[in-house]
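**Q** The chain contents come next:
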Amino acid sequence: MGLFENYHPEDFFDEMFAEDGKVRPHYKEIYQRLRQMEVKEFDRRREAIDTAFMRQGITFTVYSDEQGTERIFPFDLIPRIIPADEWAHIEAGLTQRIIAINMYLYDLYHGQKIVNDGVVPAEYALKSAHFRQEFMHIDVPKDIYVHICGTDLVRDKDGTIYVLEDNARCPSGVSYLLENRAAMKRAFPNVFERIGVRPVDHYCEELLSVLQYIAPASQPNPNVVVLTPGIYNSAYFEHSFIARQMGVPIVEGRDLVVQDKFVYMRTTRGLQRVDSIYRRIDDDFLDPEVFRKDSVLGVPGIVEAYRAGNVSLANSIGTGACDDKAIYAYVPAMIKYYLGEEPILPNVPTYMARDKEQRSYILDNLKDLVVKPVNESGGYGMLVGPKSTKKEIAEFKRRIQRNPRNYIAQPTLSLSRSPSYCEDCFEGRHIDLRPYILNGKEITIVPGGLTRVALRKGSLVVNSSQGGGSKDTWVLYDK
Amino acid sequence: MKATFTRSQPVQPMLSRVADSLYWMSRYMERAENISRILDVNLQYMLDLPRREQTNPKMLWGPVLRSTGDEGDFNKEYPKTDSSTVLDFLVLSRDNPNSIVNCVNRARENARHVREQISDEMWEEINRFYLSLKGLSQSQIKRMGAHEFSNRVREASHLFQGITDATMPHGEGWEFIQAGKYIERADKTTRIVDANLDVFAPGQSKRSNRAGDALKLAAILKSCSAHTAYRRIYVADIEPEKVVEFLVLGATFPRSIRFCAEALHCALRRISGSSGERFSNDSEKLAGQLDAELHFSSIEDVLSPGLHASMDAIQTKLNQIDESIYATYIFYDPEEASVTPAEEETGILQRFKAMQGLKASEKIGAVARKKPAKKVARKKAATKSGAKKSVTRKRTTKSNK
Chain X
1 MGLFENYHPE DFFDEMFAED GKVRPHYKEI YQRLRQMEVK EFDRRREAID TAFMRQGITF
61 TVYSDEQGTE RIFPFDLIPR IIPADEWAHI EAGLTQRIIA INMYLYDLYH GQKIVNDGVV
121 PAEYALKSAH FRQEFMHIDV PKDIYVHICG TDLVRDKDGT IYVLEDNARC PSGVSYLLEN
181 RAAMKRAFPN VFERIGVRPV DHYCEELLSV LQYIAPASQP NPNVVVLTPG IYNSAYFEHS
241 FIARQMGVPI VEGRDLVVQD KFVYMRTTRG LQRVDSIYRR IDDDFLDPEV FRKDSVLGVP
301 GIVEAYRAGN VSLANSIGTG ACDDKAIYAY VPAMIKYYLG EEPILPNVPT YMARDKEQRS
361 YILDNLKDLV VKPVNESGGY GMLVGPKSTK KEIAEFKRRI QRNPRNYIAQ PTLSLSRSPS
421 YCEDCFEGRH IDLRPYILNG KEITIVPGGL TRVALRKGSL VVNSSQGGGS KDTWVLYDK
Chain V
480 MKATFTRSQP VQPMLSRVAD SLYWMSRYME RAENISRILD VNLQYMLDLP RREQTNPKML
540 WGPVLRSTGD EGDFNKEYPK TDSSTVLDFL VLSRDNPNSI VNCVNRAREN ARHVREQISD
600 EMWEEINRFY LSLKGLSQSQ IKRMGAHEFS NRVREASHLF QGITDATMPH GEGWEFIQAG
660 KYIERADKTT RIVDANLDVF APGQSKRSNR AGDALKLAAI LKSCSAHTAY RRIYVADIEP
720 EKVVEFLVLG ATFPRSIRFC AEALHCALRR ISGSSGERFS NDSEKLAGQL DAELHFSSIE
780 DVLSPGLHAS MDAIQTKLNQ IDESIYATYI FYDPEEASVT PAEEETGILQ RFKAMQGLKA
840 SEKIGAVARK KPAKKVARKK AATKSGAKKS VTRKRTTKSN K
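Listed in order, the protein sequences are those of chains X and V.
Heads up: the first sequence at position 19 corresponds to 19 in this note's numbering, and the numbers run straight through without jumps.
Throughout, this note's numbering is defined as the position within the second sequence, counted from one, plus 479.
These are computed hints drawn from the structure, not numbers from a lab.
Since the structure is predicted, the reported quantities are computational estimates derived from the model, not experimental observations.
The reader is advised that the hints may include incorrect statements.
[As the list claims (entries may be wrong)] Heads up, incomplete: computed chain X residues facing chain V, CB under 8 angstroms, no partners named:
| no. | residue |
| --- | --- |
| 1 | 249 |
| 2 | 252 |
| 3 | 255 |
Glycine included, every Cβ here is placed at the ideal spot set by N, Cα and C.
Please construct the entire structure, taking both the sequences and the accompanying hints into account.
**A** Structure follows, in structure tokens:
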């Protein structure tokens, strides 16, 4: 019995099948291959990959018990495929977006022209939880604030690709993108060349060149490090993976000391200067002298060294002021304001509860909307109207009325689906896409990104903390 | 302290924390192996013992617990001493920090800290070993046989050490692994000897049981993988004094204390890069002293102060070496530390210093410190030209090959 035997795209945009039931041209080869495959054979490859992930320790930590169980991030073997022309469109849109976001941050931390011109309301721009007053009028290396950005994209029922959110602080997941590709190459070694899939393996090289580019100019051979909160962090595997791929040390806060506004690491041969830091510690924990006093993960004095220009940080400090859910709504306006261009990739229409009219629309239509708190991430604290009880809706109504500034609402998108393996056969599951944008001397986006898939039937939540998995993402060469 | 390695490429100096993790990863792995060996002495001995003599489990297991140094903890946790409780304590207990399961957990935690330093093969082996012990129960061990289990632990440790030698660059990190392995092994060999004083130094204890002692000596040799090697030197004659000589002073046997002390000393020398003439730090001094002492001792020198006292003295010295490694390489006071960029010896850096008009002896930090005037000027220029200009700088999208 074939794996596609009982497959129905149902009433969704299906990435593999067009509305007339025919396979989309860019999926033809892989469809043929999968169709001929026995369930057993497919299962064998899937299990081999899971075992390999476990053996290699490609895991994240779940904090549900004391010992911190390690789990593999579920991996689905059916790739998500993006044709060349569609990728060109996405790439152009993301490039435009990161330029505008970066200009916004420069402006926000200098003249605040965009606020004074009334394009972005001051109450959002300056009161964002991640806005850092301490960094007003500080110049950052090469004027780049966001060096690494993970922007989440979704496709709606009519096929349009929307930007769902930007992650401009410490976006994670790129190691899964790279490991997924390695796993697929082992599972289907012959397919890649025949189908013509663009490689992604150069990500870490590109990241290293960004980190070298922003290093203080006085250092001809800059010392780059990855700063991690430590092995108990759920993303530690990724931090270590990236450090290994770049061939640079991975350090914890306690490995670094600051003397006379220079950052050094403790080595067996004394102190060695550090020039450029890819930090995977949030602003709040970075420096107990400046931010949270109780942080034991950070490095006392590092912010002072950064201000003095003696060390570079990626991402810069205070970038969270551009990626909260309220500022998100103004990114299209930023693009017009700074670049004089129309946004290439649209935002999901967003209603702001602070606006009286929009608020009453939100309150009247809660059962059809997705409501998100402005300063949360990871899919927490959300209301998904169509999937909520009356009680939950009433509760959100109260919350919104009490603190309208803290909420935005969006229509429930009908996220596109992709065939995914669900015990013995394929079923449609909702997916999104997180490409990783690198911003240094040039802007580089490795083709594709991390496709996350909501493996629970009917679920729209793709976060790994809530039952999500991932797929390899193939961007095809231009024919 | 000047390194004398010849290097064609600049070598990154090693993070202190990384050196510490590699050292402890190695120590814990070796410790797990040695605990299985200590356990095995008795398991082997019991196999050869006539049934009726197995009456006093406390006498049988007492020395084993003493040799691990955790006898007090054991007595607190367990009401009685027998092979079940001892097995539980030494292998499975979560409360005993030195149980085999805990040693392997810690070895793996340390490996996880330094995954970017060790080879993939090393990581996969240590991870595999860890996963194989997860959820292990006493009944499972009994089903496979405790002796078989202790064999597996030994094999896993050997495999890990072999993979380490075959896949990891033999640089500074590898030397810390060697240092950890040999200091731990030396320590545990002193403990195995010490735990069996009744057979090694029968004069000091009252009991005499020649036949039983011979069995015990054979078991000790087997558990140290020393049986064959011993026979090759001393033929079939298993005498307590000769066994002690072999385990303490054996020149070429890789588990003898002398061999381990020499290997430890050499690893520390290669870490500092100093020549054999003098020492350059305390850890080297102490390791050199122990090495020399064992080289220039006869078995009479070891026995005359009392075997127990000799073993105790060696353990104390090993502890001092461990502490001085920590003080020298791991946890020094940054205020007093030297700022030594690794590239100091490479041509690039010297050329760069010449470019900056610095003397070769000046430190890199000084370069940046000399430049503040210039930096301020650059900043002013940036503010003058206005925000708009630098903001509108566009970047091109790089196309990927």
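**Q** I'd like to know which numbered hints this structure contradicts. Please list them from smallest to largest.
**A** none
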